[in-house]
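Participant: Read top to bottom, the protein sequences are chains A and B. Per this note's numbering: the first sequence = residues 3 to 365. Per this note's numbering: the second sequence = residues 1128 to 1691.
Careful: at least some of the hints might be erroneous.
With a cut-off of at most 35 Å between alpha-carbon atoms, the simulated DSBU-like pairs for lysine-lysine come out as follows [said to hold, decoys possible]:
hint, chain 1, residue 1, chain 2, residue 2
1, B, 1557, A, 72
2, A, 7, B, 1436
3, A, 7, B, 1557
4, A, 297, A, 258
5, A, 258, A, 318
6, A, 25, B, 1557
What follows is a list of derived Cβ distance ranges for each label pair [as the list claims (entries may be wrong)]:
hint, chain 1, residue 1, chain 2, residue 2, range
7, B, 1153, A, 289, 55 to 63 Å
8, A, 86, B, 1670, 52 to 60 Å
9, A, 120, B, 1607, 45 to 53 Å
10, B, 1421, A, 87, 27 to 35 Å
11, A, 87, B, 1188, 51 to 59 Å
12, B, 1532, A, 171, 58 to 66 Å
13, A, 171, B, 1153, 30 to 38 Å
Rough simulated footprint, nothing fancy, chain A against chain B, three-plus residues with beta-carbon under 8 Å [unchecked claim]:
hint, segment
14, 1265 to 1275
15, 1411 to 1418
Rather than coming from a laboratory, the hints here were simulated on the basis of the structure. C-beta: ideal position from N, C-alpha, C; glycine also.
As a plain string of letters, each chain reads:
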Amino acid sequence: MAEFKLRLRRYDPESGEPPYWDKHTVELDPHRSVLDGILEAKDSQDGTIGIRCSCRQGICGSCGVRINGKPGLACNTHLDEALARGDGQEIVVEPMGNMPVIKDLIVDMDAVHWRKIQSVTPWLLPREPVPEREYLVAREAMVDVTQSMACIQCGACVSDCLAMEVDPLFTGPAALAKAYRFVGDPRDSEHYERLRYVAEDPHGMYTCTHCFKCVDACPKDVNPMGQIMRLRRIAGTDFEIEDRNNGFRHEHAFVKNIHRNGLLHEADLLPDSYGGKFDPRALPELLSSIPIVIKGVLRGKITPTKALLHPHKASKDVRAIFERIEGEPARYELNLYVTGTDDPPLQGAGDADSGAATEGAKR
Amino acid sequence: MPEHDVLIIGAGLAGQRAALAAAQSGVSVAIMSKVHPVRSHSVAAAGGINAAISVSDDWRSHAYDTVKGSDYLGDQDAIEAMCREAPGEVMHLEHIGVTFHRNDAGELDLRAFGGASINRTAYVADITGQAILHVLYEQLMRNASTVARYEEWFVTSLLIDDGGSCTGVVARHIRSGAMETFAAKSVILASGGAGQCFKPTTNALICTADGLAQALRAGAPLMDMEMIQYHPTTLLENGLLITEGARGEGAHLLNKDGERFMSKAAPNKMELASRDVVSRAEQIEINEGRGVGPDGQGVYLDITVVPRKRTLEALREIVNIGRDFAGVDITREPIIIRPGQHYIMGGVKTDIQGQTPIAGLYAAGEVACVSVHGGNRLGANSLLDTLIFGRRAGEDAAERARSTPMPACSDAQLRNDERMIAEIMARPRKGRRISELKNELGTTMNRYCAVFREADGLQSAYGTVKRLQEEAQNAYIDDRGTVFNQDVLGAIELGYMLETAEAIVLSAIDRKESRGAQFRTDFPERNDAEWLKHINVALGEDGSPEISYSPVTITQWRPEERTY
Ligand SMILES: Cc1cc2nc3c(=O)[nH]c(=O)nc-3n(C[C@H](O)[C@H](O)[C@H](O)COP(=O)(O)OP(=O)(O)OC[C@H]3O[C@@H](n4cnc5c(N)ncnc54)[C@H](O)[C@@H]3O)c2cc1C
Ligand code: SF4
Ligand code: SF4
Ligand code: FES
Chain A
3 MAEFKLRLRR YDPESGEPPY WDKHTVELDP HRSVLDGILE AKDSQDGTIG IRCSCRQGIC
63 GSCGVRINGK PGLACNTHLD EALARGDGQE IVVEPMGNMP VIKDLIVDMD AVHWRKIQSV
123 TPWLLPREPV PEREYLVARE AMVDVTQSMA CIQCGACVSD CLAMEVDPLF TGPAALAKAY
183 RFVGDPRDSE HYERLRYVAE DPHGMYTCTH CFKCVDACPK DVNPMGQIMR LRRIAGTDFE
243 IEDRNNGFRH EHAFVKNIHR NGLLHEADLL PDSYGGKFDP RALPELLSSI PIVIKGVLRG
303 KITPTKALLH PHKASKDVRA IFERIEGEPA RYELNLYVTG TDDPPLQGAG DADSGAATEG
363 AKR
Chain B
1128 MPEHDVLIIG AGLAGQRAAL AAAQSGVSVA IMSKVHPVRS HSVAAAGGIN AAISVSDDWR
1188 SHAYDTVKGS DYLGDQDAIE AMCREAPGEV MHLEHIGVTF HRNDAGELDL RAFGGASINR
1248 TAYVADITGQ AILHVLYEQL MRNASTVARY EEWFVTSLLI DDGGSCTGVV ARHIRSGAME
1308 TFAAKSVILA SGGAGQCFKP TTNALICTAD GLAQALRAGA PLMDMEMIQY HPTTLLENGL
1368 LITEGARGEG AHLLNKDGER FMSKAAPNKM ELASRDVVSR AEQIEINEGR GVGPDGQGVY
1428 LDITVVPRKR TLEALREIVN IGRDFAGVDI TREPIIIRPG QHYIMGGVKT DIQGQTPIAG
1488 LYAAGEVACV SVHGGNRLGA NSLLDTLIFG RRAGEDAAER ARSTPMPACS DAQLRNDERM
1548 IAEIMARPRK GRRISELKNE LGTTMNRYCA VFREADGLQS AYGTVKRLQE EAQNAYIDDR
1608 GTVFNQDVLG AIELGYMLET AEAIVLSAID RKESRGAQFR TDFPERNDAE WLKHINVALG
1668 EDGSPEISYS PVTITQWRPE ERTY
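Next comes chain B alone, as it looks inside the complex (with noise of 0.2 Å):
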């Protein structure tokens, strides 16, 4: 049986990040990830990364922009580290080789983002996660003596161990498809975010939930899960994101008539306002009928105002995507784009260490919620976050693993996940397939879960979810093979998804107010008198879902109207 003092499941920029910090500390690491670390969703990651940076900038600032984009639902304990440590960790990844672009003294340039009072995002043109997120590679790569890592290896079950600590998991070799116990003194959880339950989204394929099911599924609790953003720009055709640099760099939104609708919803901010603002007033023009495309299910936005030599070399990446997905030339006419599924606020409750409430169980990046994005994350926040609270459960997990004796662990659960497997693969081909389940949740989350939400919608997703739970049972797949059986770990996936979006579900339809992300159309006001606090979701001693309260952290801002 392996055994690691760290091990980190998931390999994006908060896995990676961990990895290397914990390496730091001299303890044994190890990195998991079920696809090859460069392939992790991070890499998608466009915009930038925000740090107040700038000598006319100052962290508190950047605090306050954040508090204030959560609709004051973040922790601000957790938001001041994060802003506080932003300008040294983005210090840190130029010295170790990102290529941050610069401006003409040779600084770090930075653009404007949405919901921020001054331009901090450091950027590399507009790839600037895969940028990082490659560095941090090679940097594993260098550190190969003190890293192992596991790359294509499906995490399947974390194990929990009679008093109720992580000691590690079981998992299987994608291609051998041998199944293995791995024991640690730490386990960190950085596995992302949950965008497919959504369809379309803007995530990628392999972001399926599983730590966040997983997590709940050993007793951790999932906190905010109402908390879902709708990106203000992603493609009409098929959900990919446009990145918000698009409208840093100048880009206009435009409606039918050819208006700048922005200047009803955000006159002083129009586009940079947060991304909720944006969203919710794209929907009102499309829902009102002034969209464009199709069915009227878009507006427009023109990056033409921006210089064709300045989208050439900062946003290249965005005019492929126009010239490959939408056939648009972005650098001569607008394109159509609409609010869609981007990224989940909620997740694993972890304090500011990353430690869950679970001993030896950290969280870190999209899969963990600190809270620092509460009820609605500002652009270029999320690599900062998955960054930061990496390296502080990175170390935190180091000194843990000091003190704690390597657990001895059985292989029971090991049992347990081959007779799952086993049991999949001998279904009967009939019934429904794994991928029809996926694609109704995924519509379902989309119609009822979305910019606008109400009671009944939310009650018939629930209903949904529920059904397609039973479904799951039985749906069968077709490949019995053990070399790359993506078939089953599809349906692995499916069963993460559901118990994510039950959750989700469930915190939408308590959450009895508007705020950040979640907009109810039968409650339209903010009610900080009932709500200004944290929804928790964790596993009652039935197996079944159940809901807590838990404050909000406020240190210095008290929350107020929020106009942009």
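With the rest of the complex left out, here is chain A (with noise of 0.2 Å):
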């Protein structure tokens, strides 16, 4: 048993006040949970703690909330855990962001992550006709659409994705993930459709900003910014979208790019995503960007030379890397269920039970 601080953000919205701090001190084994910390509280010392929960187990997706500033489950964080996290001293739990708190620790999912959700036709649309049975379809696809279905729609990834601070309408890590569920089933029919929606959509897939901050939030290893990167890698690659956003072209020109050059050369990254320097549709946008050419010129970042030659070449690793991916049959995608995790096998168990990324769910 140890002693834990706990610091709960409070709001109570018949008071008018605004919201407030409030400690509490709990006696407990520390590799209990937050939440159980937080039952605690409001068990014997203050009933009136606002926190949704249930199954106690991170299964339910009720427990939600931002513990020594990190998304999570309360209900899955150690309280020895949580502590090491922040100053050592409190445990700091406050409600998830970019949605609107109810109360307490209590926000409103429905005004945010379930619109979302529900913008991206939540349901299977099936390949007709339907069998009689089962769908006969490839084991692996099943293992692997279960890395999106293990969602539990808590909303962690919703709380910090910055992308969406910047763009409160943009469709956010976990509704994508849902659209990738389906992307990547076989069973279902409209596939191009769903693609060419997140694709063309202005606050869609292309909104993402890669910054990890969804992966870190997920409790299930769900990964929703890696669904992304492969409805964007099938978008593009498989069906061939070229996207209003100019998505598809600019992940392009980022992947020509590194091939020619190793380095990011961004003075061609521009025009390469709208077909390069020569292509009628770069102009506008060359134009429009050219006070920032200016000022980066102005500020030594960069120099005619160096815009206009190629002044690095791509090593021959570099190369060597793209020639072994592209010599691939079938494009690998990376995902926990089917690859397992990449710890290192156990001394004398380093046989096909070694969890590492011997196989990968194909496409």
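Please dock the two separately framed chains into a single complex, following the hints provided.
Facilitator: As structure tokens, then:
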């Protein structure tokens, strides 16, 4: 047993007062959960503390909160771990971000999270004809979509999504992971339409800035950013969807750039994103970026030689990586359910069960 | 006053399946839940769902296993219906999007489960309940124009008219505190189990017996209430469940000497005998000093014998549970488990259409007792039960609604419930806290009404429950607000739990034999001559519970000795 100091963000909508901080001290085993700590305080000290919770085992998705700055589930975060994450003195618990607070640690998920989920047509549109028995589909395909199916709709990823902070209309990590759940499902008949929708939407999948926040936040290893990247790869490579947001060409420009230069050569990136320096589509974009270019030149970040010539060429090693990947008969996708974790095998246990990425979900 | 042809209370698997079935037949449907539907406890179901879909299987074999598992207390007409309709139901789920895992031929893969004579459990890794619940919720979103959803509404009472029919409910909007009367031609109770009457339990904090007590108060009988399932593998530390799927994948149970002790109680099925059998065997090891852990209160579950890659693919959730809640990597070392409260076989008595003896009131899922589980439920039969009887209840309730006029409801019950809530909030802060009483109830039930029971212990549990009922009249809460007042809901739930616990203890005292989950050390044998019958508990004229009996329906399987 040890003593833990909880600092809870409270808000009582009926009081007319602004949110405030509230402190409670509880005595519990260090590896009990933060939820246990809060419920202990609620049960024995102050029954007015508001927090949604039900399963206590990280499966119902009720108890999403921010603990010492990091979003996650209160019920699967240990007290000692939470303490170590902060200043070592207190465990600070706040409601999740990007969603309005109703009371204390309870946020309005309907207003944000569920609305976004609804926007991606979140149900299977089954391929016809519907078979009498089950659809016959590859074993890996179902294991693969299980990763996005494992989403418990807790909202932790939504809480700290950087792109959503900037663009509240962004579809967001959880809803896009849900979109992948159908795009990756061979029984669904509308892969193309689904992809086109999230690609063309100005607040769709190309709004994500790859900040990794959602990957860190997710308690179920759903890897929403990874699912977004997969949506993009499938949309771009398999369906060749050239979207209005120019996301597709921008991504290709990146790849081309690295292939050629080994490093990111930003002066080429922009024009390449619009089909190359001499493509008519590039002109307005190039014109609009002139002020940035001028600033860059003034600050010495861009020099005319660097911009026009290519001082750096991709090394043999970089080219070898490209050849290796492009030479694969199928694309490999990392998926925890398929490949397991990537921790090293135990001595003597180094067989096919090591869990290393020996097998991937193929498309 | 909102009116709906069919109103469903509870949005777990039973409730959502009922709503979708009722909506299919074109009536107006509403579903109401005290938590967002995907937070319902069905989400925690891990291992899978049984159906005789393999070409080498037959629904009769599934039915026989279920009858035997029930220790012959299950009603065989209901069991037959469930097992016959199971393959069609699983295919339906597959067609609407459940991502069941496949074998190498691309067909549904089937895993082994306890008490089954063949592999017949379809699964999605070990998140089967979640995978099905979320897909049903997808369908509810799809059918939003025909199924109204009242999410985070707490039902406080069922409405019963002068003729004794159920005509709707009273509920509280948790977010605003507003109370409302809902009129309905048919009401389906799908409000889940009563695990919180026990501590520890595998059940979620919301499993507080609401529907059981509401039905009892409304005059419906509860059946088989003594049959409380203790699951063989719950974490020693906090009672969380390790799915039976682990043993289905091949995990072993070991005592402190490293012995696979199931060889004594079930030489053929070993770890995959019925749950009551395995839990008793474990408890014997513990009681006789061969347990492990701090006070020798557990035994080992060794999952390291399952190939690591398979564990990571098919048992991923319990890898997480082991890591997060016990600090153990289950792929590398055994984990300490013990029997823990998991499920109630009993519930509101219904026929095979889900109808209770009260006109207009249906029940389905864990809150109901058809009875397909009898004295002991087989693993992976509960999800099936919720879906089959959820659908049946939904269809029958819709049918009834088509020939019934919309009832006129008064707001008398609404006023009553408002007064009751105001009274709780106004209690002075002295005496005991609601949370203390709940704690005492849970530990008492777990002590005296567990794997092994006997008369004195049960009597003492009864005494405690009655005392707690008294104390609950004055127990106080802190929250006087209207928005998300969880405190006052906790007080109401405690009332439900105490009434349900009383029914459980009374039934356990009454059944003077050992059958299924009820093992009386003072009556250690099964006694078919006297006790092959259901115990029913209903409130008598004076409002106190009374016991009566009803026969067990036997179609083709006569009771036999039960060995595994
Ligand atoms: C950890 C765990 C694992 C399990 N694994 C399996 C398995 O692998 N296979 C299997 O077959 N079974 C399994 N079970 C059993 C099975 O999950 C449950 O029996 C089943 O899901 C119950 O479903 P339900 O729809 O009846 O109730 P629930 O899912 O519990 O839903 C109850 C609903 O009622 C609502 N409700 C309750 N009270 C009120 C009220 N007063 N007002 C409004 N709404 C209310 C709740 O909000 C909820 O929506 C498992 C159980 C547990 C605990
Ligand atoms: S990676 Fe993308 S989706 Fe994820 S949090 Fe960052 S911006 Fe949002
Ligand atoms: S993706 Fe992860 S963090 Fe986001 S809602 Fe789903 S489970 Fe929660
Ligand atoms: S209480 Fe269910 S996820 Fe935390």
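Participant: If a hint holds in the structure, say so; if it doesn't, say that too.
Facilitator: Each hint, compared with the structure:
1. Annotation: proposed proximity of residue 1557(B) to residue 72(A) is violated, straight-line Cα distance about 39 Å (limit 35 Å).
2. A C-alpha spacing of about 40 Å is found between residue 7(A) and residue 1436(B), which places the hinted pair above 35 Å, so the restraint is violated.
3. As the CA atoms of residue 7(A) and residue 1557(B) are separated by approximately 26 Å, the hinted pair is consistent with the 35 Å bound.
4. Of the supplied pair hints, the one linking residue 297(A) and residue 258(A) holds, its CA atoms being roughly 26 Å apart against a limit of 35 Å.
5. Of the pairs offered as hints, the one joining residue 258(A) and residue 318(A) holds, with about 15 Å between alpha carbons and a cut-off of 35 Å not exceeded.
6. Restraint check: the Cα-Cα separation between residue 25(A) and residue 1557(B) comes to about 23 Å, which is no more than 35 Å; the hinted pair holds.
7. Our hint of 55 to 63 Å for residue 1153(B) and residue 289(A) holds, since their Cβ atoms are close to 60 Å apart.
8. Against the hinted window of 52 to 60 Å, the Cβ-Cβ separation of residue 86(A) and residue 1670(B) comes to about 55 Å, which satisfies the hint.
9. In this structure, residue 120(A) and residue 1607(B) break the distance hint of 45 to 53 Å, their C-beta atoms being roughly 36 Å apart.
10. Here the CB-CB span from residue 1421(B) to residue 87(A) is close to 28 Å, well matched to the stated 27 to 35 Å.
11. Taken as a hint, the range 51 to 59 Å holds for the pair residue 87(A) and residue 1188(B), whose Cβ atoms sit roughly 53 Å apart.
12. The supplied range of 58 to 66 Å is broken by residue 1532(B) and residue 171(A), whose beta-carbon atoms lie about 47 Å from each other.
13. Between residue 171(A) and residue 1153(B) the C-beta distance comes to about 37 Å, which sits within the given range of 30 to 38 Å.
14. Given as covered by chain A, the segment 1265 to 1275 of chain B passes the check, having 4 residues with a CB less than 8 Å from a CB of that chain where 3 are the minimum.
15. With a threshold of 8 Å between beta carbons, the proposed coverage of the segment 1411 to 1418 of chain B by chain A is violated, since 0 of its residues qualify and at least three are required.
Comparing the model with each numbered hint stated earlier shows that hints 1, 2, 9, 12 and 15 do not hold.
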